[in-house]
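Chains as they are written, first to last, in the working numbering: chain X, 376 to 966; chain L, 5 to 196.
Since the hints were made in silico from the structure, they are not lab data.
Bear in mind that the values here come from a model prediction, so they are computed numbers and not experimental data.
Just to be clear, a hint being listed does not mean it is correct.
Derived DEER-like restraints, expressed as beta-carbon distance ranges [what the hints assert, rightly or not]:
1) X:580 x L:94: 54 to 64 Å
2) L:146 x X:896: 14 to 24 Å
3) L:7 x X:922: 51 to 61 Å
4) X:548 x L:109: 20 to 30 Å
5) L:146 x X:777: 50 to 60 Å
6) X:924 x L:34: 26 to 36 Å
7) L:109 x X:697: 48 to 58 Å
8) X:779 x L:109: 27 to 37 Å
9) L:164 x X:673: 45 to 55 Å
Cβ atoms here follow ideal geometry from the backbone N, Cα and C, with glycine treated the same way.
Each chain, letter by letter, is given below.
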Amino acid sequence: MKKFMTGNEAMARGAFEAGVTFASAYPGTPSTEILENIGPYKEHIYAEWAPNEKVALEVAIGASIAGARSVAAMKHVGVNVAADPLFTYAYTGVNGGLVLISADDPGMHSSQNEQDNRYYAKFSKVAMIEPSDSQESKDFMKIALELSEQYDTPVLFRVTTRICHSKGLVEMGEREEVGIRPYSKNIPKFVATPANGRVLHVKVEERLRQLEEFSNKTDLNRIEWNSKKVGIVTAGVAYQYAKEVFGEDASYLKLGFTYPLPMDKIREFASQVETLYVIEELEPYMEEQIKAAGIACIGKDLIPRIGELNPDIIAKAILGVERETLSVSEASVVGRPPTMCAGCPHRGFFYQISKKKNVMISGDIGCYTLGSAEPLSAMDTCICMGASISAGHGAQKAFEFNGVDKKVVGVIGDSTFFHSGVTSLMDIVYNKGTAVTVILDNRITGMTGHQENPGTGYTLQGDKTHAINIPLLCEAVGVKKENIFVINPLDLDACNKAIDTALKATEPTVIVTEWPCVLKKFTPEDIERFGNKKVICRVDEEKCKSCRICTKTGCPAIAFDTKAVINEDMCAGCEVCLQACPFKAIEKVGE
Amino acid sequence: MSDVKNILLVGVGGQGIILASKILSEGLISAGYDVKMSEVHGMAQRGGSVTTQVRFGKKVYSPIIGKGQADIIVSFEKMESLRWMEYLKVGGKVVVNDYEIPSAPILAGSVKYPQNIIETLKEKADTTVFKAADIAKELGNIKTMNVVMVGALVKAMGLDEVNWENVVRENVKESLADINIEALKKGMEQVK
Chain X
376 MKKFMTGNEA
386 MARGAFEAGV
396 TFASAYPGTP
406 STEILENIGP
416 YKEHIYAEWA
426 PNEKVALEVA
436 IGASIAGARS
446 VAAMKHVGVN
456 VAADPLFTYA
466 YTGVNGGLVL
476 ISADDPGMHS
486 SQNEQDNRYY
496 AKFSKVAMIE
506 PSDSQESKDF
516 MKIALELSEQ
526 YDTPVLFRVT
536 TRICHSKGLV
546 EMGEREEVGI
556 RPYSKNIPKF
566 VATPANGRVL
576 HVKVEERLRQ
586 LEEFSNKTDL
596 NRIEWNSKKV
606 GIVTAGVAYQ
616 YAKEVFGEDA
626 SYLKLGFTYP
636 LPMDKIREFA
646 SQVETLYVIE
656 ELEPYMEEQI
666 KAAGIACIGK
676 DLIPRIGELN
686 PDIIAKAILG
696 VERETLSVSE
706 ASVVGRPPTM
716 CAGCPHRGFF
726 YQISKKKNVM
736 ISGDIGCYTL
746 GSAEPLSAMD
756 TCICMGASIS
766 AGHGAQKAFE
776 FNGVDKKVVG
786 VIGDSTFFHS
796 GVTSLMDIVY
806 NKGTAVTVIL
816 DNRITGMTGH
826 QENPGTGYTL
836 QGDKTHAINI
846 PLLCEAVGVK
856 KENIFVINPL
866 DLDACNKAID
876 TALKATEPTV
886 IVTEWPCVLK
896 KFTPEDIERF
906 GNKKVICRVD
916 EEKCKSCRIC
926 TKTGCPAIAF
936 DTKAVINEDM
946 CAGCEVCLQA
956 CPFKAIEKVG
966 E
Chain L
5 MSDVKNILLV
15 GVGGQGIILA
25 SKILSEGLIS
35 AGYDVKMSEV
45 HGMAQRGGSV
55 TTQVRFGKKV
65 YSPIIGKGQA
75 DIIVSFEKME
85 SLRWMEYLKV
95 GGKVVVNDYE
105 IPSAPILAGS
115 VKYPQNIIET
125 LKEKADTTVF
135 KAADIAKELG
145 NIKTMNVVMV
155 GALVKAMGLD
165 EVNWENVVRE
175 NVKESLADIN
185 IEALKKGMEQ
195 VK
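Pulled out of the complex, with its shape left as it was, chain L reads as follows (with noise of 0.2 Å):
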C-alpha cells in the first residue's frame, strides 16, 4: 500500500473545498490513477472545520487519511493548518493560504486568533505560504481562491502528468472557465 498518496485539504464550511477536491481527482483519475475521496456535508458544513481527504495510487482501499499519513496539507485557512497537523507524515510539505477566518470563540472575544502559525508550520514541515483570496480578488473573483490552491497543490506535488486547464474547464461553468485557469496558473507560480 506504500504507493497510495495522501492529500489532506483542510479549511471552514463554505471555502470551496469540495469543489477543489473534485478538479484534483478528476484529474488524477485521467492520469490513470485508483483514488478514493471522502468529504464531509450538512452540519459539520455550516462554517465549522471542514476536510476533505484525496488518496491515489494503483489500488486505494480506505477513503480516509490517518494520522501522520498525508503526504500534503493544504490548508485554505491559516488556522486550519494547525488544527490537522497531527495528520502530516513526518516530512510531509504544507500549502497554506495566508488568510484568516475567526472561528465563534474568537468573535466573542474570548481567545485571540493564534499568533506565529506561518514559524510553528515552518519549524515541523516544508511549508508554502501565500495570500490566495488576494489572487482571487485580483483576478476579481474571490470565490476562485480554491482553484488557485489547487494550483498551489498541484506543483507542490509535482503532478505534472495531468492537463489542470482541461480538468478546470471541464468542472466549472463555462462562463468561469477562463477566470478558473488564470486562477489556476497564479497558484501554480506560487510553488518554486
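Chain X extracted, bound-state conformation (with noise of 0.2 Å):
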C-alpha cells in the first residue's frame, strides 16, 4: 500500500517499521512532526519531548546504551546544543542503534541561520545518511539503525526542509520487532575517562576505514548511466533538482550514504565522464572531499553556496538557461512579514515594554521574537535558545561595570526557558545580576506548532503530569519571592506597573506572564484558570478620533483608513486595543 507521506512522517514511519522502541526530540522547525509522528506508535514506541537537544540526544544514547533501537530528532541548531554528547559517543559506539536525525534549513524558512550540519558527520566522525524523498527518509531510516548496529556507530541521518516538508508517495512496509539488545557491563566501552577515551578513538579511525569500505559498495550510492557528456556527483534534495534538469542527458552518482564518501566510486565514476558537477545545496561539503581526493570537478564556482538550492538555479548556472516569465512591477506588492498573531498575549506585554525609553530588550527564539518587528520593535538582540537572559545578564554588567546607565530587559518563552533559560537565571542570581528576566508563558511551545513542554502538565503521548510551575522554579533558584510578579499579559496596566518595578530593582527580579497562546486548543486546565469568553472588540466610529494608538499595537486585525476598522474574522477578543485607545472609542461585543 502507497501513502502520500511528508519526509517527517516518512522517517516517522521508518522508524516504526525498522523496530524502534524509543523516541526523544526538542521541537524545532523543520524537525517537529518527526517525534509528532512517532507518538502514535505508543504500542510500540516509547517517545519523549525533552526540554532541550542535549537532553533528547542524552536520553536517546541511554536508552541505545540499554539495548533498544533508538531516534533523537532535532533541527540543525539543535546538534550544536547535543553536540557535547554527540562527540562522545561517536567514540564509545552503540548498543542498540542510535540515529540522530539533524533537521537543516537552507534558506531560514524558519531559522536563524543555514548551517551545514553534513560537516558534523566529518568533525564527529559517524556515519551518515542522506535521503533525496519520501521514500528514502522511511526505506533509509531502518538501514541507518542496521549500520549503527554492525558498525557500532551512530548515525547522523541528514534532512533539510524540502524533505521534511515536502510529499511523496510511499510504499508502506511492516514493523520488524527486533526486541532490546542484552545489556551488559562495559567499563571500558562506556566510560570516556581519557584512558578508554585513547583507545577508543584508535577503534573510532579503523571504524572510519570500514565505512568508507561501505560506501564504496553500497547501493546507497548508486550510479545512473545516461550520456557520459556530464557527470553530477549529487545528494539529498538536490539529486530531484539534478534530475529535473538534466533529466536523461547526464549520469548521475547519487549518493544516499554520505560520510565517509565513496571516494573509489567517485574516482571510477569521474573517469568516465566527460565533466564531472558536484551539485549540493550549501557549503561545499562533498566538493571539497573530491578536490582533496585530486579528482577535477566544478561546485561552487557555479553553484551559489548562499540560500536555498532549486532546479532554477542549476539550469542557469550551469546551462545557461532561464525560463520566460511574466513580469510585475515589484513596486506594485507590499511585503507581508510574519506578524504575532490577533490575540496573541505577547502582544500586551511588547506593546508596554515598547514604551520605555533607555531599556535595552534582549530577545529569544520564539513567536515572541516577532516582538521585534514593526510597529512595535521591542527587541535588542536575539541569538539563541537561552540567550536572552544570559546576554543579556553579560550586557547589563558591561554596562555597569563601564559606568553606563542603560537597564536590560531579556524575555524569554516557556519552552525555552526550560530549554536553557534556567540557567542563565542561575548565572544572574549567582552573580548578583541586575539584568530583568521576562518569561512569557504562553502554556504550550507555540512557534512550532503546539508541542507540550514541562510546564504544560502533558507529555508527548498524552499523559497527565507534573506541570513545573515557573514562578516557583525561579525562586527555588534563588530569585526572591517578593521579586517575582506574576501578571495577564492582556492587562496593560499590570505589565506597566510590574515593568516600571522591575526596571527599578536591584537585585534579581523575573516578571512571569501567564495567557495562553491564541492558537492553542485550551486544556480543562486552562478553561477553568483563564475562563473561555467568547467576545471581539469593534470600534465605535463615532468616537474613534483617528489617532492611529491602536494600530501601535501591531494588530493585524486592527486596519486603518480614516477610522479604524476591526476585521471581526481575525480578531480574538484580546481587548489589548481596547485599553490602548484613548479616547474609549473600542468596545466589546458579543459577552
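Build the complex: two chains, separate frames, hints provided.
Here is the structure:
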C-alpha cells in the first residue's frame, strides 16, 4: 500500500518499521513532526519531548546503551546544543542502534542561520545518511539503524526542509520487532575517561576505514548511466533538482551514504565522464573532499553556497538557460512579513515595554521574536535559545562596570526557559545580576505548532504529568519571592506596573506573564484558570478620533482608513486595543 | 518532464492552504498520478506570505515549482497573486479570491493596499475572480473558504476524472463534511 507522506512522516514510519522502541526530541522547524508522528505508535515506541536537544540526545543514548533501537530528532541548530554527547558517543559506539536526525533549513524559512550539518558527521566521525525523498526517508531509516549496530556507530540522518516538508508517495512496510539487545556492564567501552578515550579513538579511525569500504560498495551510493558528457555527483534533495534539469542528458552518481564518501566509486565515475559536476545545497561539503582526493570537478564556482537550491539556479548556473516569466512591477506589491497573531498574549507586554526609554531588550527564539517587528520594534538582540537571559546579564554587567546607564530586560518564552533559560537565570542570581528576566508563559511551545513542554502538564504521548511551576522554579533558583511578578500580559496596567517596578529593582527580578497562546486548544486546566470567553472588539466610529494609537499595537486585525476598523473574522477579543485607545472608542461585543 | 503539471497555491498563513493542498493531492493520487507537494511551516506561517506547491504527472522529481513554471496560481488573497506572478507560466491561469488581508506595513499606515490588482492580473493571464470568503460565510463557516478555492481550482484545471466530493469527505472532520462539499460545489460553479 502507498501513502502520501512528508519526509517527517516517512522518517517516523521508518523508525516504526525498523523496530525502534525509543524516541526523543526537542521541537524545532523543520524537524518537529517527526516525533509528533512517532507519538501515536504508543504501543510500540516510547517517545518523549525533552527540555532541550542535549537532553534529547542523551536520553536516546541512554536507551541505546540499554539496548533499544533509538532515535533523536532536532533542527540543525539543535545539534549544536547536542554536540557534546554526540562527539563522545561517537567514540564509545552503541549497543542498540542510534540515529540522530538533523533537519537543516537552507534558505532559513524558520531559522537564525543556514549551517550545513553534514560537517558534523565528518567532525564527530560518525556515519551519515541522506535521503532524497519521502520513500528514502522511510527506507533509509531502517538501514541507518542496522548500520549503527553493525558498525558500532551513531548515524547522522541528515535531512533538509524540502525533504521534511515535501510529500511524496511511500510504499509501506511491516514493523520488524528486533527486541532489546542484552545489556552488560562494559567500563572500557562506555566510561569515557581519558584512558578509555585513547583506546576508543583508535577504534573510531578503524571504523571509518571500514565505513568507507561500505560506502564504496553499497547501493545507497548508486550510478545512473546516461550520456557520459556530463556526470553529476549529488545527494539529498539536490538529486531531485539535478534530475529535473538534466533528465536523461547526464549520468548521476546519487549518494545516499555521504560520510565517509565513496571516494573509489567517485573516482571511477569521474574517469568515465567528460565533465564532472558536484551539485549540492549550501556548502561545498562533497566538493572539498573530492578535490582533496585529486579529482577534478566543478561545483561552487557555479552554484551558490548561499540560500536554498532549486532547479532554476542549477539550470542557469550550468546550462545558462532561464524560463520566460511574466513581469510585475515590484513596487506594486507590499511586503508581508510574519507577525504576532491577532489576540497573541505577547502583544500586551511588548506594547507596554516598547514605550520604555533607555532599555535594551535581549530577545530569544520563539514567536515572541516577532516583537522585534514594526511597529513594536521591541527587541535589541536574538542570538540563540536561552541567550536572552544570559546575553542580557552580560550586557547589564558590562554597562554597569563601564559606567553606562542602561537597563537590560531579557525576554524568553516558557519552553525556551525550560530549554536553557533556567541555567542563565542561575547565572544572574549567582553573580548578583540586575538584568530583568521576563518569562512569557503562553502554556505551550508556540512557534513550532503547539508541542507540550515541562510546564504544560501533558506529555508527548498525551499522558497527564506534573506541570513545572515557573514562579516556584525561579524562587528555588534564588530569586526572592517579592521580586517575582506574575501578571496577565493582556492587562496593560498590570504590565506597566510590573515593568516599572522591575526596571527600578537592584536585585534579580522576574516577571512571569501567563496567558495561553491564542491558537492553543485550551486544556480543561486552562479553561478553569483562564476562562473561555468569546468576545470580539469593535470600533465605535463616532468616538474614534483617528489617532491611530490602536494600530501601534501591531495587531493584524486592525486596519486604518479614515477611522480604525477591526476585522471581525480575525479579532480574538484580547482587548489590548481597547485598553490602548485613549478615547474609549473600542468596545466589547458578544459577551 | 513536459507532462508534469504545476499548481501553486498562495495566500496568508492561517487561511487553510495546507488542507486545500492535501485535498488536491489526495484527489490527484486517486487518479493515478505521481504527486509531490511542498509546504511551509514555522515562522513563515505566522501571518506571513505562504505557498504550497503541488506537482503531478507520470513521474515527478523536484517538489518545488520554478519561476515561469506554474500552470495555475490559486491565490487565497488578492495581493499574494501579484507577489507570485513570476512563477506563472506564460499563458497560465490565475484563480483569485477577491479578499484583502492588509499586511503589517499597510496596517501601520506607511503604504496603501495596492490598487487595480485584478486589472493587472487580467492583462497578464487568464484570470478568474470571485469572493470565496462571502461564499463561505453564506454557507455558514468562513473556514470553508479554502475548499471553495479547491472547487474553483479543479474546475479551472479540468480535473474531472476525480470524485472530489469523496476526497473532501475523507479529508475533513465528519461533522464538517457536508458543508465542505457544498463549498466545493460552489467553488466549481465560479469557473465557467
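Now the hints, each set against the structure:
1. Between residue 580 (chain X) and residue 94 (chain L) the beta carbons are some 57 Å apart, a value that agrees with the proposed interval 54 to 64 Å.
2. A hinted range of 14 to 24 Å for the beta carbons of residue 146 (chain L) and residue 896 (chain X) is consistent with their spacing of about 19 Å.
3. Distance hint for residue 7 (chain L) and residue 922 (chain X): a CB-CB separation of about 58 Å, consistent with the stated range 51 to 61 Å.
4. The hint said 20 to 30 Å for the Cβ distance between residue 548 (chain X) and residue 109 (chain L), and at roughly 50 Å that hint is violated.
5. For the pair residue 146 (chain L) and residue 777 (chain X), the supplied restraint of 50 to 60 Å holds, since their beta-carbon distance comes to about 56 Å.
6. Look at residue 924 (chain X) against residue 34 (chain L): about 53 Å separates their beta carbons, and that is not inside 26 to 36 Å.
7. A beta carbon spacing of about 30 Å between residue 109 (chain L) and residue 697 (chain X) contradicts the range 48 to 58 Å that was offered as a hint.
8. Distance hint check for residue 779 (chain X) and residue 109 (chain L): the Cβ-Cβ separation is about 34 Å, which falls inside the suggested range of 27 to 37 Å.
9. Between residue 164 (chain L) and residue 673 (chain X) the beta carbons are some 47 Å apart, a value that agrees with the proposed interval 45 to 55 Å.
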